[in-house]
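Residue numbers (this note's numbering), protein chains in the order written: chain A, 1 to 458; chain B, 1 to 224.
For the record, the hints were derived by calculation from the structure and aren't laboratory data.
Cβ atoms here follow ideal geometry from the backbone N, Cα and C, with glycine treated the same way.
Some clues are possibly wrong.
[Stated by the list, open to error] Taking beta-carbon pairs under 7 Å as the criterion, some of the chain B residues facing chain A (in silico): (1) 105; (2) 109; (3) 191; (4) 213; (5) 214; (6) 217.
[Unchecked claim] Just a few of them, taken from the derived set where beta-carbon distance is under 10 Å, the chain A residues facing chain B: (7) 65; (8) 66; (9) 68; (10) 260; (11) 314; (12) 330; (13) 331; (14) 360.
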Amino acid sequence: VSRIAPLAWLRSTSARLALAVTASFLLAFVVLGAGVYFAVSTLLTNDAREVVRADVAALLQLYREGGHDALVAEVRDRADAPDDPDAEYAVVGRDGRIAAGTFSQLPHWTVKAPRWIELRERDSEDDSVSRVVANLQPLRDGGVLVTGLQTRSQDRFLALMLRTALAGLLVAATLGALIGWLTARWVARRLRSLDDTAARVGAGELALRARLDGSDDAFDRLARRFNGMLDRIGDLLDGVRHATDHIAHDLRTPLTRLRNRLDRMRMAGDGEPPAQARMLDAAIAETDQLLQSFGALLRLARIEAQSPPDAGALVDLQRLVADAVELYAPIAAGRDVGLRAECVPAQVRGDADQLFQLLVNLLDNAVKFAPTGSTVELRLHAASQVVELDVADRGAGIPEVERERVFDRFARLETHRTSPGTGLGLSLARAIVLRHEGRIALLDNAPGLRVRVTLQRA
Amino acid sequence: MRILLVEDDPHTAGFITKGLREDGHSVDHADNGRDGLFLATTETYDAIVLDRMLPQLDGMTVLRTLRGASNRTPALLLTALGDVDHRVEGLRAGADDYLAKPFAYAELSARLDSLARRGTGGSGEPTRLRVGDLELDLLRREAVRGGRAIELQPREFRLLEYLMRQAGRVVTRTMLLEAVWDYHFDPQTNVIDVHISRLRQKIDHGFPAPLLHTVRGAGYRLDA
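Extracted from the complex, chain A is given alone in its bound form (with noise of 0.2 Å):
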């Protein structure tokens, strides 16, 4: 898994989807944040320069009433003894020293209209500074009155405010990973359903149908268009198969009758020339085989029509084992094959018939396709939940393209053209494995064929 490339991942539909639901989620809530800690500092701002507006209106009223000297008096008196420790005051002079206040410095301006500042403040005590909102006044004396607002506390809000957002932003950033992933999680789950029945299917389950939530949405909709092609497929394959039946069906009486009056005709000719009766012969061996092809594709269907057999017996697959190996044996050894064996005891629960034809089916053509002087194994093997069947040759093996392609009606490989059979035995393995509710793989027995057959364990 690990050997993907870096950021490989990336490419994924659900990382991507997960990434996108995480960055929106962020994103939003910058947004947010920056327009709350604008407006908020915007009114916070205002809020001080009304309570500056204030303090100067008086100031100037007294100025207006009193003059020079008496707003320098006041504003002495207000630095002695602040009644609000957060306001600041200076009265300048022209030539820029600093009559009265709390300012120990201050830039030298030229004020010729009331104009609103920003300064910052150094506190002598703590050494932090601080953020003055002030208001500049000319003074008919060319002087300038600097009234001001430190805004400590509000600057602690804001602070607070950011410190608050930012632990806000790392909850919205975790909140919105763990969605996007659970939103990544969930868009792959409903697909990974309807994968895996697509999986299914592909193996040989056609009957499987992928679940429909009732919702009708995209993924809903989708199974369902899913399921109409699978039903689709279904009917089409219903449709060849019933004309082969069909065909075997009608076929094999006429067949047979053919077969009756060559016989009659050999039978009645007893007395005619070596090369006619062998011609006969030749034509009787013919019409059995086509016979048995039929028969082979009526039993192939009546299989795959059957129901599991749910309530079945309890079969002895080690019995059946030794059974088909005796069988065999005489054919393998007129062959130079060996057989060999290696069973335990293992039961499930099946058509004992249609089990002993699938290992004949299977041994047959492990007989047919090993080289003179190989060993044929059977190998039955009991896990705990389920029996698996080998039987293995050494022969030319299938290739792997053409695996899949064995299973079907008559399929047969290029190279075994010439060889007896039907091209029927692989295709009613199968039929029987799968009514068994059992898988069947071809595997490499490099070299050779193996071919594996997995049963539930009764």
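Please build the complex by placing chain B on the supplied structure of chain A, with the hints as guidance.
Just chain B now, kept in the frame of chain A:
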């Protein structure tokens, strides 16, 4: 032999009747279940060939009625349904054998011969079978030919026993498969022939007169 054929399909009936007559049997034919049942209860036959699906009264009912009336005439059930289940059902209803359509005449003929013999079979189970100079001891599971003991595998013993019980009559491959192997299955290649040739090797090799004969287009026959 006197045989009753109850079959509604004229073509099948014609071909069976023709074949049986040529083989020297006398055949009565009924084309529906009621007539068939009437003939079966009023006349005496060596064997009945009964179609499973018949107009008026179906084959299974005819069979059950006959067996209910203690008529033990051997019956061979013909059917278009070749399922194992149907086979079991047919045998349970009292049929002695069961043949799925379409079938080769040789198959029907061999099975009828076997059935008729079973019907007239002697009293009690023999403990020894004998064909020519070949002798089979069923209790001691031993085979001897011309004083020479023959080693047989259990399955070969069953094969030989079946052939000897049917001595002189044709036995088809399907009959052997059903009688000697315990499964109802379709042998892919000529497995039965290979088993027979192994058996032949054991019982005929080194003896001037072979006992086990191949009957072309039908099967095998064990005969002195």
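Hint-by-hint comparison with the structure:
1. Nearest Cβ of chain A to the Cβ of residue 105 of chain B: about 5 Å, under the 7 Å cut. The hint holds.
2. Against a cut-off of 7 Å between C-beta atoms, the interface hint on residue 109 of chain B is violated, since the closest Cβ of chain A lies about 11 Å away.
3. Given the 7 Å rule on beta carbons, the hint for residue 191 of chain B holds: about 6 Å separates it from the nearest Cβ of chain A.
4. For the restraint placing residue 213 of chain B at the interface with chain A, the shortest Cβ-Cβ distance is roughly 15 Å, beyond the 7 Å limit, so the hint is violated.
5. A least Cβ separation of about 12 Å between residue 214 of chain B and chain A goes past the 7 Å threshold, and the interface hint is therefore violated.
6. Annotation: residue 217 of chain B was flagged as interfacial toward chain A, and the flag holds, the nearest CB pair being 5 Å apart, inside 7 Å.
7. Hint on residue 65 of chain A is violated. Least Cβ distance to chain B is approximately 123 Å, over the 10 Å limit.
8. Hint status for residue 66 of chain A relative to chain B: violated, with the closest Cβ pair at about 124 Å, above 10 Å.
9. Because the beta carbon of residue 68 of chain A sits about 125 Å from the nearest beta carbon in chain B, more than 10 Å, this interface hint is broken.
10. A cut of 10 Å between beta carbons decides the hint on residue 260 of chain A: the least distance to chain B is about 5 Å, and the hint holds.
11. Interface restraint check for residue 314 of chain A: the shortest CB-CB distance to chain B comes to about 15 Å, outside 10 Å, so the restraint is violated.
12. Annotation: residue 330 of chain A was flagged as interfacial toward chain B, and the flag holds, the nearest CB pair being 5 Å apart, inside 10 Å.
13. Satisfaction of the interface hint for residue 331 of chain A is found here, the shortest Cβ-Cβ separation to chain B being roughly 5 Å, below the 10 Å cut-off.
14. Hint on residue 360 of chain A holds. Least Cβ distance to chain B is approximately 6 Å, under the 10 Å limit.
The structure fails to meet hints 2, 4, 5, 7, 8, 9 and 11 from the earlier list, while all remaining hints are met.
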